[in-house]
Amino acid sequence: MRQLFKSKRGSTIVIISYVFLALISMIIIAIGIARSRTVQSWSEVSGKLWGKAILSEYDKYLLHDYGIMAFQSNDIDVVKRLNVYSKYSFEDKLRVSLGTPSANLDQYRMSDLNNFRKSIRDSLLYESAKSVLDGSNRNVRSDVKNLNVSIDESKNATAESKDKSVYGKRIIGNKYVIETLPSRGEKNNFNIKRISGMISNNNASDKLSSKALGKISEMAFIVNKFNSHLKTCSDKETFFANEYEYIVKGNLDDNKNFESCKKSIFLIRNALNLAALSKDPEKMELIAAVSEVISPGPGAIVIQGIIMESWAALEAREDVKALLDNKRIPFIKKKGEWKVSLESVLGDEKFSEKIDEESRKIMNENSEQLKEMSKTESFVENMSGQNYEEYLLLMMLTTPKDLRTRRIMDLIQINMKYRYYDDFNFDEYNCGVRFNLKINGKSYEVDDSYK
Numbered sequence: 001m002r003q004l005f006k007s008k009r010g011s012t013i014v015i016i017s018y019v020f021l022a023l024i025s026m027i028i029i030a031i032g033i034a035r036s037r038t039v040q041s042w043s044e045v046s047g048k049l050w051g052k053a054i055l056s057e058y059d060k061y062l063l064h065d066y067g068i069m070a071f072q073s074n075d076i077d078v079v080k081r082l083n084v085y086s087k088y089s090f091e092d093k094l095r096v097s098l099g100t101p102s103a104n105l106d107q108y109r110m111s112d113l114n115n116f117r118k119s120i121r122d123s124l125l126y127e128s129a130k131s132v133l134d135g136s137n138r139n140v141r142s143d144v145k146n147l148n149v150s151i152d153e154s155k156n157a158t159a160e161s162k163d164k165s166v167y168g169k170r171i172i173g174n175k176y177v178i179e180t181l182p183s184r185g186e187k188n189n190f191n192i193k194r195i196s197g198m199i200s201n202n203n204a205s206d207k208l209s210s211k212a213l214g215k216i217s218e219m220a221f222i223v224n225k226f227n228s229h230l231k232t233c234s235d236k237e238t239f240f241a242n243e244y245e246y247i248v249k250g251n252l253d254d255n256k257n258f259e260s261c262k263k264s265i266f267l268i269r270n271a272l273n274l275a276a277l278s279k280d281p282e283k284m285e286l287i288a289a290v291s292e293v294i295s296p297g298p299g300a301i302v303i304q305g306i307i308m309e310s311w312a313a314l315e316a317r318e319d320v321k322a323l324l325d326n327k328r329i330p331f332i333k334k335k336g337e338w339k340v341s342l343e344s345v346l347g348d349e350k351f352s353e354k355i356d357e358e359s360r361k362i363m364n365e366n367s368e369q370l371k372e373m374s375k376t377e378s379f380v381e382n383m384s385g386q387n388y389e390e391y392l393l394l395m396m397l398t399t400p401k402d403l404r405t406r407r408i409m410d411l412i413q414i415n416m417k418y419r420y421y422d423d424f425n426f427d428e429y430n431c432g433v434r435f436n437l438k439i440n441g442k443s444y445e446v447d448d449s450y451k
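Per full-length UniProt numbering, the sequence shown runs over residues 1 to 451.
A hint or two may mislead.
Distance condition first, Cα-Cα at most 20 Å in a straight line; then the derived EDC-like pairs of lysine to aspartate or glutamate [what the hints assert, rightly or not]: (1) Lys371 / Glu389; (2) Lys118 / Glu390; (3) Lys263 / Glu390; (4) Lys361 / Asp348; (5) Lys175 / Glu428; (6) Lys256 / Glu389; (7) Lys321 / Asp143; (8) Lys262 / Asp402.
Treat the hints as calculated values from the structure; they're not laboratory data.
Please put together the full structure from these sequences, using the hints given.
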């Protein structure tokens with residue numbers, strides 16, 4: 001009996017020992033699981049926090065001047081930062097085994113056009129919507145007359161630096177600066193007939209309305225952030241005076257951009273004035289009658305063409321002058337909106353040089369009759385229509401989209417170099433961060449960007 005009792009007691013002790021060991025094992029496993037989950041949770045939270053820390057190092061000047069959030073870094077720099085963060089956060093804690101982190105910023109490079117376009121869309125959210133759309137932030141330059149002074153006339157620059165130091169005449173000649181521009185100095189050709197044809201459309205003016213421009217974030221950004229030859233949007237110093245003109249032409253010579261835009265506007269106005277003449281029955285009848293007097297017979301057709309072209313060109317010259325005086329010129333002119341009379345055309349020296357000697361002789365003999373015939377309606381200045389900047393905006397709309405975006409990037413990069421950093425380059429800036437942490441043999445991916 002006693003033997004049996006001792007046997008049972010021994011079995012009980014063994015069972016209790018097994019149970020105790022099982023409990024100890026469960027506790028150890030539970031602790032391991034808890035520690036693993038703690039490390040996992042800590043890793044996830046830390047990764048997100050580190051991502052925000054990296055994003056928080058945005059360029060304050062880029063944000064202040066252009067509303068764009070981006071930070072300067074590369075894959076190697078991000079990894080270095082992660083190593084510092086992880087060492088501080090995990091060293092001698094929870095027996096964490098740290099692997100080598102990795103980073104890849106390619107998808108967030110600001111040199112990518114889609115990333116840049118998203119950034120400027122986001123930047124407009126911080127601006128006054130009304131000022132962006134109606135251009136109320138734009139003021140007429142007080143120094144516009146100084147911009148029209150030639151380099152040779154400038155008294156503020158030495159002979160060696162005249163072409164580089166005079167505002168409005170600056171030229172970028174540094175090869176490194178040129179090669180690192182987002183546009184790489186790419187040029188484009190304007191099809192004047194195409195632009196004129198588009199303007200002749202009755203809906204052309206609608207494309208330049210504040211509502212229409214507001215739908216194109218790039219155009220709204222241009223109106224809000226860049227200067228033209230006539231107007232400025234802020235008191236910030238810029239390398240180029242003619243920024244609108246640079247977006248249109250892309251020349252590295254500031255003054256050449258302005259002169260080239262003037263020439264393009266002249267050609268556009270010349271084509272539109274020709275179109276307006278051909279659609280005006282009264283003017284066409286008058287031109288035909290005058291042509292018959294100057295060159296009776298078949299030659300009248302030739303004279304008619306010369307008169308039309310001369311009249312359109314002289315009017316276009318006046319149009320450009322008016323636009324540069326901050327006045328408005330409608331796309332298609334109507335009765336009473338022509339500043340140059342047919343009498344002025346007939347008295348123009350260039351017109352006289354274009355016709356043959358016989359016609360010139362007849363014109364001089366009948367000068368009184370022609371003077372009476374060529375009297376036209378009086379000119380009334382039109383307060384509606386489009387101004388100088390709107391003609392430039394129209395040309396921008398016809399510029400290839402990618403090239404237009406790159407030229408906007410050019411101007412920002414040039415101004416950031418001019419104002420703050422000699423080495424500013426969009427290739428080195430990012431609008432988001434992506435990296436991978438390796439902790440205790442497990443990978444944790446973080447992908448974050450500016451929202």
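So, going through the hints one by one against the coordinates:
Under the criterion of a C-alpha separation no larger than 20 Å, the hint pairing Lys371 with Glu389 is inconsistent with the structure, at around 37 Å. Between the alpha carbons of Lys118 and Glu390 the distance comes to roughly 25 Å, so the proposed pair goes past 20 Å and is violated. Note on Lys263 and Glu390: the hinted pairing holds, with a Cα-Cα distance of about 15 Å set against a maximum of 20 Å. Between Lys361 and Asp348 the CA atoms are separated by roughly 15 Å; this keeps the pair inside 20 Å, and the hint holds.
Only pairs whose Cα atoms come within 20 Å are accepted, and Lys175 paired with Glu428 is accepted, the gap being roughly 19 Å. Distance restraint check for Lys256 and Glu389: the Cα-Cα separation of roughly 17 Å lies within the 20 Å cut-off, and the hinted pair is therefore satisfied. Between the alpha carbons of Lys321 and Asp143 the distance comes to roughly 17 Å, so the proposed pair stays at or under 20 Å and holds. The straight-line distance between the Cα atoms of Lys262 and Asp402 is roughly 24 Å, outside the 20 Å bound, and the hint therefore fails.
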